[in-house]
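Engineer: Chain by chain, the residues:
There are 2 protein chains.
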Amino acid sequence: MDDSSEISPLLQERTDDTPSYQAYNTSESGHSPDGLISAAVSDDGLISGDKEDPHLLNAKFEGLDYDVCENVLYQKEEKAKDEKQILRQQVARWVVMFFIGFLTALIACAIDIGIKTMSKLKFHVIKIYFDQCMDYSCLVIPFLLWVALDVAFVFCAALLTAYGEPVAAGSGIPQIKCFLNGVKIPHVVRIKTLFCKVIGVMMSVVGGLAIGKEGPMIHSGAVVAAGISQGRSSTFRIDCKIFEYFRHDHEKRDFVAAGAAAGVSAAFGAPVGGVLFSLEEGASFWNQGLTWRIFFASMVSTFTLNVFLSMYHGKAWQLSYAGLLNFGKFEDITYNGAEIPLYILMGIVGGLLGALFNHINLKLSIFRNQYLSKPWKQVFEAVLVACTTTTVAFILTYTVKDCQALGKDPTLHPLQVHCHDGQYSSMSALWFQTPEESVNSLFHDQKVALFGLFYFLLACWTYGLSVPSGLFIPSLLTGAAWGRLFGIALYSWFPDADWVDPGKFALVGAAAQLGGVVRMTISLTVILIEATGNISFGLPIMIVLMIAKWVGDIFNEGLYDIHIDLQGVPLLHWEPPPMTSHIPAKEVMSYPVTTLRTTENVGRIVDILKKEGHVGFPIVDNYDPDAPPRLCHRFGCLRGLISRSQLIVLLKYKAFNHPTTGKTPNTVQLNTHHFTEIYPRFPSIHVGITEPHE
Amino acid sequence: MDDSSEISPLLQERTDDTPSYQAYNTSESGHSPDGLISAAVSDDGLISGDKEDPHLLNAKFEGLDYDVCENVLYQKEEKAKDEKQILRQQVARWVVMFFIGFLTALIACAIDIGIKTMSKLKFHVIKIYFDQCMDYSCLVIPFLLWVALDVAFVFCAALLTAYGEPVAAGSGIPQIKCFLNGVKIPHVVRIKTLFCKVIGVMMSVVGGLAIGKEGPMIHSGAVVAAGISQGRSSTFRIDCKIFEYFRHDHEKRDFVAAGAAAGVSAAFGAPVGGVLFSLEEGASFWNQGLTWRIFFASMVSTFTLNVFLSMYHGKAWQLSYAGLLNFGKFEDITYNGAEIPLYILMGIVGGLLGALFNHINLKLSIFRNQYLSKPWKQVFEAVLVACTTTTVAFILTYTVKDCQALGKDPTLHPLQVHCHDGQYSSMSALWFQTPEESVNSLFHDQKVALFGLFYFLLACWTYGLSVPSGLFIPSLLTGAAWGRLFGIALYSWFPDADWVDPGKFALVGAAAQLGGVVRMTISLTVILIEATGNISFGLPIMIVLMIAKWVGDIFNEGLYDIHIDLQGVPLLHWEPPPMTSHIPAKEVMSYPVTTLRTTENVGRIVDILKKEGHVGFPIVDNYDPDAPPRLCHRFGCLRGLISRSQLIVLLKYKAFNHPTTGKTPNTVQLNTHHFTEIYPRFPSIHVGITEPHE
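Listed in order, the protein sequences are those of chains A and B. Quick note: the first sequence uses the working numbering, first residue 1, plus one each step. Quick note: the second sequence uses the working numbering, first residue 1, plus one each step.
Worth flagging that the hints you see were computed from the coordinates, not collected in a lab. Worth double-checking, as some hints may not be accurate.
To be verified - In silico negatives: residues of chain B with every beta carbon more than 10 Å from chain A:
1) Gly-114
2) Leu-139
3) Arg-368
4) Leu-453
5) Asn-556
Stated by the list, open to error - Below, computed lysine-lysine pairings styled on DSBU-like, alpha-carbon distance capped at 35 Å:
6) B:Lys-184 - B:Lys-611
7) A:Lys-116 - A:Lys-76
8) B:Lys-586 - A:Lys-76
9) B:Lys-610 - B:Lys-654
10) A:Lys-81 - A:Lys-654
11) B:Lys-116 - B:Lys-363
12) A:Lys-79 - B:Lys-586
13) B:Lys-654 - B:Lys-184
14) B:Lys-610 - B:Lys-192
15) A:Lys-84 - B:Lys-363
16) A:Lys-192 - A:Lys-586
17) B:Lys-81 - A:Lys-586
18) A:Lys-363 - B:Lys-84
19) A:Lys-586 - B:Lys-377
20) A:Lys-120 - A:Lys-184
21) A:Lys-116 - A:Lys-127
22) A:Lys-363 - A:Lys-377
23) A:Lys-184 - B:Lys-374
24) A:Lys-81 - B:Lys-586
25) B:Lys-120 - B:Lys-374
26) A:Lys-84 - A:Lys-586
27) B:Lys-586 - B:Lys-184
28) A:Lys-586 - B:Lys-374
29) B:Lys-184 - B:Lys-81
30) A:Lys-374 - A:Lys-192
31) A:Lys-586 - B:Lys-84
32) B:Lys-363 - B:Lys-377
33) B:Lys-81 - B:Lys-374
34) A:Lys-84 - B:Lys-586
35) A:Lys-184 - A:Lys-377
36) A:Lys-586 - B:Lys-192
37) B:Lys-184 - A:Lys-79
Glycine included, every Cβ here is placed at the ideal spot set by N, Cα and C.
Please work from the sequences and hints to get the whole structure.
Structural biologist: Right, dumping it as structure tokens:
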């Protein structure tokens, strides 16, 4: 819809040239050391205006407005606020934080209980057929049944993700990291995404894939936070008309950080780790008050989870379920100084294996981007992986003879398989229990290293599929396997040393592997400290994570950062790359810059919004010596910045000035409400001002 | 020394008026809501140039240069850096962090061992006389001896502080907080201060004052960090010529933050708490990489302390001394939801009592500022407090009959006093052991509430004396006392309930009282979680601290903030006070502003530096339409900012331009080294350019 024909009789056409700044020295070619910086600035001359053009990576991503826009409207409303309103907003923040923690924990409970219930069902169904069959001839039936069930579950998960909401794939941590750092990943915090994520992760885990559910929990917390804090839902088209003062990008970001922390807290029983996770990932906006509120949300989350899971397990108020991930009894482990070189060695191994994992996964992901971009192909690949995983599990179960006496650990799913009566196959138990239970087992029981190797490869293939999946558990499991091996080897060399506890080395290996893959530092250390409940073991864990990160960083980045790069997200890291801190911004900017004047022709605004993909435009004016100090230049002075969404609101409400009288005819007097009401789904200029586009 | 007469024949006298910006609307009187903002801007017209004028609070404090000065010199050197240099700096940072943690822990060990040794000696000497005397007639002798010994110790501590280094008084936490937030408190991180602090706190504790040593540990860590990172010492006049690249305010600040964290870590065995403490107090400059390094320093600190104290106690490598403060066995305490209302109540009590403590201490401190400003009066007051403390201890020991069987706890100092053979007076033990041991006792043994009341009053009188003293232990002790009372009361009402554990309520009371006094939030929660070794009890602790803070904030600020205000330190808080966020800076600025031109007369520079106390001057130039965009105005354009210290260096090296040729005659080519070499003791303009003034 072209407004200019309708409006132009009312407005004076401007005839002077649009002023713009001279660019400086753009003949020095735009030096963009890692490809990220050039992607962050808008390309110039986006004539086609096609947002879906895959060759223009940057066009896919908009920035979030994390600066508070202190315009006249804002200042007027700030002045008009009374103490009661300020107090109400403060209280509202705490109330929202409480519910973020509470609901995130409930969702975590639901996921956990759902997975356990469905897993039990699956196990019982398969057990019937396994028990009927004690020799190899009739094994085909239970095998096919097992495969069919797994495929069915994974098929559902992949369908939901590939066709329902692709941004629900993976863990969600890279997307949340981008969101917290100012890049708007489309649909990342929608309720629909939450739905696909929750159902999808349950299906994937029950389907036996080599994944964990912790990452998706963090994403879920973020969505819950975004939803509650805005008091509305686009998916359900309801607007509770509360929390309007939170309908700004920077407010939403603060709550999303709390949601992510609550998710970590529920997943690992690690409230402080959750806070540090949000800090570490979304460093740019930390402030004291926010950290305290995020901590509150985390605490509420772990407490709520604790209460509900305790009630579910019939031990109400015993509060022994701080998080979904239970490492077992590590509170009493100690270490002595002589072991530190061993930990350093394990850290090196973790860094190497983690770098290898990331490298393989990177190659796989590039392959997927090129050849498996169609949804049906993605679903097919997921099904294929499910088949393979189940087949491997089946083969290992039958070839590895590792029978344990029944009753050793009642939470496992005992299958007799080829063992004698009164015994069960521990290898089969590994595959039938949830991955979290396997973590516990590997830390404490005798398992075979073969499991570790195959799990490593399967996990590497699995991450990046079109299903919601977490990375933590597969990495912990893999590391626990080789760590335990290491411990067992040590034990055989030093049978008398009581400090050689294979379970302890399994824990160290798990930390090393996880650190080698994700390369997180302080938050991961604290998460593991809290999850193990052992503070004094914090130093070995820290050493191991530090070494793993340093070694891994020699080869490649952490897996989350790799996937962010793969998707071409223009994420600016905290520090500039080495040797680039002296490069001035002008060397990477495009030219010319599209600017608007303080009074602008509506037709020109509409043209610009249609032709260009920019989301912000500098406003310039002529140099006025008597005005207050401004950033000035021959061609004009910088007056401010206006965003696309603000222009859209002005156009929508036709808040125009009459060209000669300067009065505003037949329009509403704009206030912040007009902006927060449409936030965040500002209509597109292309489809007309009446329909949402995002 | 007036340079202008020497220089002026070489330079052209400028005759045009010095341009300066017009101020805007200063008729609207400078609205300064809490007195802090007006103190932060320099007064204009400081004709006398007297920095010691007590009526000009702001003149006492300079700001620290926390922005990186990206001038031509800096940019040239950044470009010239090669990868090797960058790597070397990175490695150096980690090495320095290691030694910060290591040395801080050693100092903490030294303090701890020193206190324990001297306390034992004092106890043995007094015990001889006590044992000789079993009736009341001859008690005068041991009493006078006890008083004499305590007075002697406290007298030494007060002498060192009042005459040696006054900034060593108190805990040091307020000063470190100011330093981390950009206010230069004179002498706060000098080695001399460290010396006075360490010796002083040992003397004060042994002298029986109602203080703790934890706060001084944090200050000590900060000094160690400042010293090591600069590779030099002004006190010892040595310059190791290393770490020159760290000789900037922002680098020093980063290391000081690490030192403070290492101090917390050593004091409480709380490395994560230490990191959060630095974060919470010095919020303005947080970044990811720094947090990881600070965590490393904290971990090294607690590990080193652990190793050395274990060796000292003959249990090498058992590593059971994570921190100097030992809360005893709290790892197994649990709670249920029904107790939460009780915790909320205790939080309210803690907030009220904390606000009362702060109020009394504030009144006392105002009195001290007015009437006890002379050092000898301060020493006298300290001695008086020591006498009173000892007398109270003595009287309580003899009037409160609380005998326990010997051998109950071998670390106490048993005095038979009035008890039967084989028993000892537990009240006397409370007064003879170190305060940290008392914490443990009060948490776990039967003690009288009288102790709590008197300790509250003595602690209130003691904080603010001219001795190094910490606040944490007195607050914890007081809270433990009333918390335990509360637990005992509950126990008498519900004798059958097994959840009523007076020790647990002592812990909650301690947290409430400490939170009510210092009003710290997340860092204190985590410190207490780590110190008790109990993560699940984190939620009650957090609730209690939150309530105590909210209740206390109704009446007054935290004690550290109160003392910062008392000293008139122009500390800008994170958030503006409520209802002030719309006030523009121009309404609180002074006028006119002293500016310099890009080429300036040496004589004028010298005059300005002598007459005015400013530490920074804007540089303005005429409007040039062809120049790159600048902040411009009728009267000129802002070109940059130059600091007093930079001007001093230019004057010192006579880096002048010849007025006609523009060449630089007979001077060195300045580089960053010239600035870092003199940092931080830039000479004063008054005493000539050759002597340091700071």
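Engineer: Next, verify each hint and record whether it holds.
Structural biologist: To see whether the hints hold, each was checked on the structure:
1. Gly-114: Non-interface label stands for B:Gly-114: nearest chain A Cβ at 25 Å, farther than 10 Å.
2. Leu-139: Given a closest Cβ separation of 46 Å, the condition holds.
3. Arg-368: 30 Å, holds
4. Leu-453: Holds, because the least Cβ-Cβ distance between B:Leu-453 and chain A comes to about 32 Å, which exceeds 10 Å.
5. Asn-556: 19 Å, holds
6. B:Lys-184 - B:Lys-611: 21 Å, holds
7. A:Lys-116 - A:Lys-76: 55 Å, violated
8. B:Lys-586 - A:Lys-76: 18 Å, holds
9. B:Lys-610 - B:Lys-654: The hint holds at about 17 Å.
10. A:Lys-81 - A:Lys-654: Status holds; Cα separation ~27 Å.
11. B:Lys-116 - B:Lys-363: 34 Å, holds
12. A:Lys-79 - B:Lys-586: Within the cut-off at roughly 17 Å; holds.
13. B:Lys-654 - B:Lys-184: Holds, at about 27 Å.
14. B:Lys-610 - B:Lys-192: With a Cα-Cα distance of about 29 Å, the restraint between B:Lys-610 and B:Lys-192 holds, given a limit of 35 Å.
15. A:Lys-84 - B:Lys-363: Holds - the C-alpha atoms of B:Lys-363 and A:Lys-84 are around 32 Å apart, at most 35 Å.
16. A:Lys-192 - A:Lys-586: Distance ~41 Å between A:Lys-192 and A:Lys-586 Cα, so the pair is violated.
17. B:Lys-81 - A:Lys-586: This hinted pair holds, its Cα atoms lying about 22 Å apart.
18. A:Lys-363 - B:Lys-84: 32 Å, holds
19. A:Lys-586 - B:Lys-377: 63 Å, violated
20. A:Lys-120 - A:Lys-184: Not satisfied, since the Cα-Cα distance of roughly 40 Å exceeds 35 Å.
21. A:Lys-116 - A:Lys-127: 16 Å, holds
22. A:Lys-363 - A:Lys-377: 18 Å, holds
23. A:Lys-184 - B:Lys-374: Violated - the C-alpha atoms of B:Lys-374 and A:Lys-184 are around 62 Å apart, more than 35 Å.
24. A:Lys-81 - B:Lys-586: 22 Å, holds
25. B:Lys-120 - B:Lys-374: The hint holds at about 34 Å.
26. A:Lys-84 - A:Lys-586: This hinted pair is violated, its Cα atoms lying about 46 Å apart.
27. B:Lys-586 - B:Lys-184: Satisfied, since the Cα-Cα distance of roughly 24 Å is no more than 35 Å.
28. A:Lys-586 - B:Lys-374: Given that 35 Å is the threshold and the Cα spacing comes to 59 Å, the pair is violated.
29. B:Lys-184 - B:Lys-81: Satisfied, since the Cα-Cα distance of roughly 30 Å is no more than 35 Å.
30. A:Lys-374 - A:Lys-192: 21 Å, holds
31. A:Lys-586 - B:Lys-84: 28 Å, holds
32. B:Lys-363 - B:Lys-377: 18 Å, holds
33. B:Lys-81 - B:Lys-374: This hinted pair is violated, its Cα atoms lying about 52 Å apart.
34. A:Lys-84 - B:Lys-586: 28 Å, holds
35. A:Lys-184 - A:Lys-377: 27 Å, holds
36. A:Lys-586 - B:Lys-192: Cα-Cα ~48 Å, so violated.
37. B:Lys-184 - A:Lys-79: Between B:Lys-184 and A:Lys-79 the Cα gap is close to 34 Å, so the pair holds against 35 Å.
Comparing the model with each numbered hint stated earlier shows that hints 7, 16, 19, 20, 23, 26, 28, 33, 36 do not hold.
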